[in-house]
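Chemist: Residues per chain, in single letters:
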Amino acid sequence: MLHIEHLSKSFNGRPAVVDLNLTIGNELFVFLGPNGAGKTTSIKMMTGLLHPDSGKVTIGDYDLLQNPMAAKKLFGLVQEQPALYEKLSPREFVLFIARIYETPHADAVRRMHQLFEIFEIEKRAHELIEDFSHGMKQKVALSAALVHEPRVLFLDEPTVGLDPKAARNLKDMLRGLVNRGTTVFMSTHILEVAERMCDRIGIIHQGNLIALGSLDELRHKVAAEGASLEDIFLQLTGSVDQTEVAQFLDKS
Amino acid sequence: MLALLLKNRLTSWYNSLRQGEVKKRRRRILGHIGLTLVPVVIFLNILFVYKTLLAELPDGEQWLHFIFSSSILGLFLMLLFSGLTIVIHSLFLSKDLTLLLSSPISRRTIFQFKLIDAAITNSTLFFAVGVPLILALGLALHLSPFFYIYALMAAMLFICIPVGLAAALAIGLVSIIPAKKAKNIATVIFSLLSLLLWGGLQYIRPERIHPDSHMYSTETIRFVQQKSAAYVSYFPSQWLSDALFAFTSSDFTAMATNLLLLTSLCLALYVIATALLQRAVRRDLFSGQLTSIRLKSNDLPVRPQTVARSGMRNSLIFTLWLKDIKLLLRDSRYTMQIFLYAVIMIVFPLIGSNREAENLGALQPYFPYLYLFLFSSLMAGSWASRLIPAEGLTFSYVLCAPQRRRTFLLAKILASASITLLCGLLAMGVMHLIDPAPLFITFHVFTALLAIIIGSSGVGIVSGAYFANFKWEHPKRMLSSGGNMAYMISIFLLLGLYALVVFLASVFLTINITLTLLLLLAALLAYSGTVLSEKKLDYQEWLY
Numbered sequence: 050m051l052h053i054e055h056l057s058k059s060f061n062g063r064p065a066v067v068d069l070n071l072t073i074g075n076e077l078f079v080f081l082g083p084n085g086a087g088k089t090t091s092i093k094m095m096t097g098l099l100h101p102d103s104g105k106v107t108i109g110d111y112d113l114l115q116n117p118m119a120a121k122k123l124f125g126l127v128q129e130q131p132a133l134y135e136k137l138s139p140r141e142f143v144l145f146i147a148r149i150y151e152t153p154h155a156d157a158v159r160r161m162h163q164l165f166e167i168f169e170i171e172k173r174a175h176e177l178i179e180d181f182s183h184g185m186k187q188k189v190a191l192s193a194a195l196v197h198e199p200r201v202l203f204l205d206e207p208t209v210g211l212d213p214k215a216a217r218n219l220k221d222m223l224r225g226l227v228n229r230g231t232t233v234f235m236s237t238h239i240l241e242v243a244e245r246m247c248d249r250i251g252i253i254h255q256g257n258l259i260a261l262g263s264l265d266e267l268r269h270k271v272a273a274e275g276a277s278l279e280d281i282f283l284q285l286t287g288s289v290d291q292t293e294v295a296q297f298l299d300k301s
Numbered sequence: 004m005l006a007l008l009l010k011n012r013l014t015s016w017y018n019s020l021r022q023g024e025v026k027k028r029r030r031r032i033l034g035h036i037g038l039t040l041v042p043v044v045i046f047l048n049i050l051f052v053y054k055t056l057l058a059e060l061p062d063g064e065q066w067l068h069f070i071f072s073s074s075i076l077g078l079f080l081m082l083l084f085s086g087l088t089i090v091i092h093s094l095f096l097s098k099d100l101t102l103l104l105s106s107p108i109s110r111r112t113i114f115q116f117k118l119i120d121a122a123i124t125n126s127t128l129f130f131a132v133g134v135p136l137i138l139a140l141g142l143a144l145h146l147s148p149f150f151y152i153y154a155l156m157a158a159m160l161f162i163c164i165p166v167g168l169a170a171a172l173a174i175g176l177v178s179i180i181p182a183k184k185a186k187n188i189a190t191v192i193f194s195l196l197s198l199l200l201w202g203g204l205q206y207i208r209p210e211r212i213h214p215d216s217h218m219y220s221t222e223t224i225r226f227v228q229q230k231s232a233a234y235v236s237y238f239p240s241q242w243l244s245d246a247l248f249a250f251t252s253s254d255f256t257a258m259a260t261n262l263l264l265l266t267s268l269c270l271a272l273y274v275i276a277t278a279l280l281q282r283a284v285r286r287d288l289f290s291g292q293l294t295s296i297r298l299k300s301n302d303l304p305v306r307p308q309t310v311a312r313s314g315m316r317n318s319l320i321f322t323l324w325l326k327d328i329k330l331l332l333r334d335s336r337y338t339m340q341i342f343l344y345a346v347i348m349i350v351f352p353l354i355g356s357n358r359e360a361e362n363l364g365a366l367q368p369y370f371p372y373l374y375l376f377l378f379s380s381l382m383a384g385s386w387a388s389r390l391i392p393a394e395g396l397t398f399s400y401v402l403c404a405p406q407r408r409r410t411f412l413l414a415k416i417l418a419s420a421s422i423t424l425l426c427g428l429l430a431m432g433v434m435h436l437i438d439p440a441p442l443f444i445t446f447h448v449f450t451a452l453l454a455i456i457i458g459s460s461g462v463g464i465v466s467g468a469y470f471a472n473f474k475w476e477h478p479k480r481m482l483s484s485g486g487n488m489a490y491m492i493s494i495f496l497l498l499g500l501y502a503l504v505v506f507l508a509s510v511f512l513t514i515n516i517t518l519t520l521l522l523l524l525a526a527l528l529a530y531s532g533t534v535l536s537e538k539k540l541d542y543q544e545w546l547y
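The listed protein sequences correspond, in order, to chains A and B.
The numbering used here puts the first residue of the first sequence at 50, with every later residue one more than the last.
The numbering used here puts the first residue of the second sequence at 4, with every later residue one more than the last.
Just so you know, these hints were derived from the structure itself, not from any lab.
Warning: the hint list may mix true and false statements.
Okay, derived cross-link-like pairs now, DMTMM-like style, lysine to aspartate or glutamate, Cα gap no bigger than 25 Å in a straight line [to be verified]:
1. 538/B - 112/A
2. 214/A - 171/A
3. 479/B - 206/A
4. 122/A - 537/B
5. 474/B - 179/A
6. 474/B - 141/A
7. 183/B - 141/A
8. 479/B - 120/B
9. 105/A - 544/B
10. 329/B - 176/A
11. 184/B - 141/A
12. 220/A - 198/A
13. 186/A - 476/B
14. 186/A - 334/B
The following residues of chain A were derived to be distant from chain B, with all beta-carbon distances above 10 Å [what the hints assert, rightly or not]:
15. 64
16. 119
17. 141
18. 151
19. 154
20. 212
21. 224
22. 284
Here are some of the chain B residues that sit facing chain A, going by a computed Cβ distance under 8 Å [as the list claims (entries may be wrong)]:
23. 130
24. 397
25. 478
The beta-carbon is built from N, C-alpha and C at its ideal position, and this holds for glycine as well.
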């Protein structure tokens, strides 16, 4: 469903993503990496928000650069910072997005109500988004990304700001979507979420994909049976020496 | 602690000139250079006015006093309302409030810091206008260097008063309405006041003051002087003015009295504002959380759900247009600006003189509408250019959307054009009420207005696409450096092009053919603007 070949991008000569190759089918794929590793840049290139220096992104049967309209119809995107039209109500916003994606109005209204029920925004569907908290805005952004039934869903840190119940609903929904044939590409810092939900994991570090596979495959890679994802992640990306932490605490 | 806060503020300002992106730094430095040029221009002009008054009028010094105090009064009112905007922002909306209030700093210190910060920011206007007025006064009357030292002292006291008053007003206002709205209201009052003062200043231009000028009217000025004398003595501006003129006559009692009045009011305002602040703290108004806690959500009316749609309402362009209109009309910052433009469009044609229109031949009946055309063009171009960055970070939806970008751009042109046309029609209506014009003239004016608005929107959208800054904090920064300049130049070039077409066509063609040509030109501009902008947006890198 999502095919990425030799994708590279640099900013002012500094490489942000280097020769990324991925093929993701009907699965829940989690993209991990430390801050500034290149996760968001990769997602932006996969969704046409950034132009790659080289490489190719194929969504469904469509090349994103050659046939952007057809490719864009297939995916939905939820960004880390929910950027919404603050002067619209959730209802107006979600229906507006549905209209852009040419979803029939009746279907859009039906799906919108279902999503609003799940995320518990039905009661506030007619208030302006500007009055919402970060978590509520995230719920509206999720509803907008899902209203047109995308075949590929990109999520950049979707659980940030969500309350436990909404986070749980999202996780259930993502699993349900995958079971119904949707491809989910999610970047997150919350390793517990990744560990429990994902089918495969990709770890990016300094722009390079340094590990790819299921949790068991990654355990095998670092030769640590039974290791948690946190241990694997830290082993692959490097961590601060614990003695330095102890020394700092002793001094203070 | 207060010194530390002020030092930190100074360091931030200094770093903004020395560090950061080259573009931004250059813009700030250019801004500061611009700020120094404005007072020089004002100084030269006002010195000329003063010298003309002293040389040409028998009671020139009296006139000088009147004009000086009137200017300082105007400046005081402007400082008051600009101060109100600045103080509301500084005390209730600034981003550092949460950090400061959660730090171990007393609220009184934070309040003092914010007041000083606001006074410094607000005094920019005084340095741009007030300082040239005072310097020109000293030079015109050949006063000793001690005058400038004395004037500096009085001026320092004077600039604290509007901020003190503004602080008291701001705390009062914010306890009734949300801070953002209060700030917008203050901005509009400030803008309207500036407009009125500009109108007022037209009467003290050198050519009007000169006794040989046909515009010279002693009676009007005397009348205003007599009527206003009873009220102005209560204004601090009059105390400053009297204090400075007392120096010219070496009247030490008047000098001391007026300085004392200024000092007492400064202190009294500080005490009142501090007391009000204590009250505000108790009511959780001064908490950095004001807007999110106190702003009542705007419950929109729940409408029956429409499941099926038909006709135009189902079209994508209508959806996009409606969204843009909603964004404009629901944001008080934008509605205030639309309102201001509408006021300007109505007021300027009324105060403008059509005396020069005698040699325009067949075009003479259209001359009174010149300001309307000019401001409609500026408004349409301005909104078209700003509707792209106005989306802010939400513009990523446009870039991700499976629709041609020209559809989005066309909707923005239509939104900008429809809002401007509405204001233009309103202005035309008012002009018609005051001075009714024949129906065919009205029709011609409407057609020309439509052509100008559509053409300007087409030009504006290009500036928006090429210079959009999607991460703006203030609407003034919606276009990146050079964007505003490019937009202004392109609008004036467009108006020049229209004028040339009208001139050539009026010589060789009939008015109807001329108007048809204008409409065709407008459509061409809108089309090419959309295509050019789409080309730019197709390569837009989303770095936000």
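Chemist: Against this structure, judge whether each hint is valid.
Modeler: A quick look at each hint next to the structure:
1. With a CA separation close to 20 Å, the supplied pair residue 538/B and residue 112/A stays within the 25 Å bound.
2. A threshold of 25 Å between alpha carbons decides the hint, and for residue 214/A with residue 171/A the separation of about 16 Å falls inside it, so the pair holds.
3. The hinted pair formed by residue 479/B and residue 206/A fails the criterion: a straight-line CA distance of about 32 Å is larger than 25 Å.
4. Of the pairs offered as hints, the one joining residue 122/A and residue 537/B holds, with about 19 Å between alpha carbons and a cut-off of 25 Å not exceeded.
5. Distance restraint check for residue 474/B and residue 179/A: the Cα-Cα separation of roughly 17 Å lies within the 25 Å cut-off, and the hinted pair is therefore satisfied.
6. Proximity of residue 474/B to residue 141/A is assessed by CA-CA distance (about 23 Å); at most 25 Å being required, the pair is judged to hold.
7. Only pairs whose Cα atoms come within 25 Å are accepted, and residue 183/B paired with residue 141/A is accepted, the gap being roughly 24 Å.
8. Between residue 479/B and residue 120/B, the direct Cα distance comes to roughly 21 Å. Compliance with the 25 Å bound is thereby established for this hinted pair.
9. With a CA separation close to 16 Å, the supplied pair residue 105/A and residue 544/B stays within the 25 Å bound.
10. Between residue 329/B and residue 176/A the alpha-carbon distance is near 14 Å, which keeps this suggested pair within the 25 Å criterion.
11. Taken as a hint, the residue 184/B and residue 141/A pair is honoured in the structure, with Cα atoms around 23 Å apart against an allowance of 25 Å.
12. Of the supplied pair hints, the one linking residue 220/A and residue 198/A holds, its CA atoms being roughly 17 Å apart against a limit of 25 Å.
13. Restraint check for residue 186/A and residue 476/B: the C-alpha separation of about 20 Å stays at or below 25 Å, so the hint holds.
14. For the proposed pair residue 186/A and residue 334/B, the alpha carbon gap of about 18 Å is at most 25 Å, so the pair holds.
15. Listed as a non-interface residue, residue 64/A keeps its Cβ farther than 10 Å from every Cβ of chain B; the least gap is roughly 16 Å.
16. Remark: the non-interface label on residue 119/A conflicts with the geometry, its nearest Cβ contact in chain B lying 7 Å away (cut-off 10 Å).
17. Separation of residue 141/A from chain B is inadequate, the least Cβ-Cβ distance of about 7 Å not exceeding the 10 Å criterion.
18. At the 10 Å boundary, the C-beta of residue 151/A falls inside the reach of chain B, the nearest C-beta of that chain being 8 Å off.
19. Not every CB of chain B lies more than 10 Å from the CB of residue 154/A, the least distance being 5 Å, so the non-interface label is violated.
20. With a cut of 10 Å on Cβ distances, residue 212/A stays outside the contact zone with chain B, its closest approach being about 17 Å.
21. Distance to chain B confirms residue 224/A as a non-interface residue, since its nearest Cβ pair spans about 24 Å, more than 10 Å.
22. Distance to chain B confirms residue 284/A as a non-interface residue, since its nearest Cβ pair spans about 32 Å, more than 10 Å.
23. Interface restraint check for residue 130/B: the shortest CB-CB distance to chain A comes to about 36 Å, outside 8 Å, so the restraint is violated.
24. A hinted interface residue such as residue 397/B counts as satisfied when its beta carbon comes closer than 8 Å to some beta carbon of chain A; here the least separation is about 5 Å, so the hint holds.
25. Proximity of residue 478/B to chain A is violated relative to the hint, the smallest CB-CB distance being about 14 Å (cut-off 8 Å).
Figure legend: structure checked against the earlier numbered hints; hints not met, in rising order: 3, 16, 17, 18, 19, 23 and 25.
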